[in-house]
Amino acid sequence: MKTIRVQYFAILREQRGLSEESISTGAATAADLYEELRSRHGFSLPGARVRAAINDDFVAASAKISEGDTIVFIPPVAGG
Amino acid sequence: MKTIRVQYFAILREQRGLSEESISTGAATAADLYEELRSRHGFSLPGARVRAAINDDFVAASAKISEGDTIVFIPPVAGG
Amino acid sequence: MFTISSEPIDGAALLRELGDRRAGACVTFEGWVRSTSSGRPVLALDYEAYAPLAEKEGLRILAEARARYPFIAARAVHRTGALKLGDLAVWVGVAAEHRAGAFDACRYIIDEAKARLPIWKREHYEEGPAEWINAATPKN
Amino acid sequence: MFTISSEPIDGAALLRELGDRRAGACVTFEGWVRSTSSGRPVLALDYEAYAPLAEKEGLRILAEARARYPFIAARAVHRTGALKLGDLAVWVGVAAEHRAGAFDACRYIIDEAKARLPIWKREHYEEGPAEWINAATPKN
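Residue numbers (this note's numbering), protein chains in the order written: chain A, 96 to 175; chain B, 96 to 175; chain C, 262 to 401; chain D, 262 to 401.
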């Protein structure tokens with residue numbers, strides 16, 4: 096288990112009901128963590144539609160999570 | 096012979112030394128008139144590099160000149 | 262420089278920053294809040310940004326534009342917060358020696374910014390609940 | 262509207278004229294007097310226009326742009342007279358529902374204006390006599 100910080104924006108922030116939180120997780124990768132949070136909070140966006148960032152940099156879904164990381168899941172952007 | 100008005104701009108104005116004049120001419124077309132003025136005033140631009148306008152509309156070099164027309168010969172434009 | 266701003270954007274001041282005696286051309290893009298979206302009447306909207314990453318990604322976009330097109334200076338700002346119809350949501354300006362570089366770079370920057378920056382838009386409509394654009398909702 | 266002006270161009274005021282609630286994008290082009298021309302240092306320049314025909318031809322260019330690209334409003338002004346370095350020589354602005362139409366129309370208008378309007382430029386250099394650009398002179 097490691098302690099990390101998660102920040103939420105836009106629809107994820109609304110569905111979670113808060114902007115950030117500290118959590119303890121056994122998830123190894125960003126993708127694993129998203130699935131854990133999705134099932135816990137009922138996020139509507141499937142993992143394939145969300146990008147991940149760790150410590151303010153985009154990362155692959157397979158990126159490893161480390162103790163103390165700040166992780167953000169990025170919903171699809173406005174586009175047009 | 097007909098009486099017409101000629102306006103000069105840019106390098107033609109400088110080489111003629113005035114902005115406009117009334118002249119009497121026997122020239123039938125815009126191209127004929129330019130050659131007449133060029134030989135009289137020593138314009139450096141050959142006829143092929145000058146466009147003609149009659150009464151504030153672009154015309155072909157072969158356009159006929161009528162009594163009372165205002166004629167302008169248009170040097171190459173600035174471009175860039 | 263690419264910045265995220267919660268304050269109104271002053272396009273005229275940004276344009277003055279781009280002034281340069283070597284520049285013969287300056288192209289600007291302004292994105293305005295418009296009154297319809299996909300045919301639906303819109304009343305207002307909110308922009309929310311993940312600002313640190315948006316500014317980093319914005320700088321990457323400016324660097325890519327510089328590698329592709331000849332220009333002297335570029336500046337971009339994206340607004341966040343509650344905006345009303347007609348408000349300036351995003352501003353991009355590029356000064357270049359010649360106009361082709363200014364047009365190409367300005368268009369590249371706004372196209373990439375719209376596609377890549379972590380900035381989200383929620384529209385408020387005349388009818389029905391507000392929606393986050395492009396995000397799946399529980400209903401669809 | 263396409264106008265020829267002997268007074269300084271107020272870009273901010275022109276931009277406000279283009280405001281429209283249906284517009285989501287506005288692209289502007291500014292042409293500035295720059296400090297070199299084909300590598301030669303320039304001190305200042307004069308623009309001279311055959312104004313009635315330039316405005317007519319400008320309106321034709323705007324009509325052509327409207328037939329080719331989707332936009333809501335366009336406005337252009339070309340300066341005449343004595344300009345110094347950094348001065349605004351030409352301004353084109355296009356407001357459109359979407360940015361592609363605004364970029365395409367703005368670029369079309371300035372490209373055609375530069376090629377077709379009866380407007381001439383005389384450059385004053387650090388060294389040597391002033392020259393009308395693109396016009397053959399007695400010496401060459």
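Hints in this document: simulated from the structure, not taken from any laboratory. One should not assume that every hint holds.
To be verified - In silico PhoX-like cross-links for lysine-lysine, where the CA-CA straight-line distance does not exceed 25 Å: (1) Lys317(C) with Lys159(A); (2) Lys375(C) with Lys345(C); (3) Lys159(A) with Lys97(A); (4) Lys375(D) with Lys345(D); (5) Lys345(D) with Lys159(B); (6) Lys317(C) with Lys375(C).
For each hint, the structure was consulted:
1. Lys317(C) with Lys159(A): Since the Cα atoms of Lys317(C) and Lys159(A) sit roughly 21 Å apart, the hinted pair holds (cutoff 25 Å).
2. Lys375(C) with Lys345(C): 19 Å, holds
3. Lys159(A) with Lys97(A): Roughly 12 Å separates the two Cα atoms, so the pair holds.
4. Lys375(D) with Lys345(D): Holds - the C-alpha atoms of Lys345(D) and Lys375(D) are around 19 Å apart, at most 25 Å.
5. Lys345(D) with Lys159(B): Status violated; Cα separation ~41 Å.
6. Lys317(C) with Lys375(C): This hinted pair holds, its Cα atoms lying about 14 Å apart.
The structure shown violates just one earlier hint, number 5.
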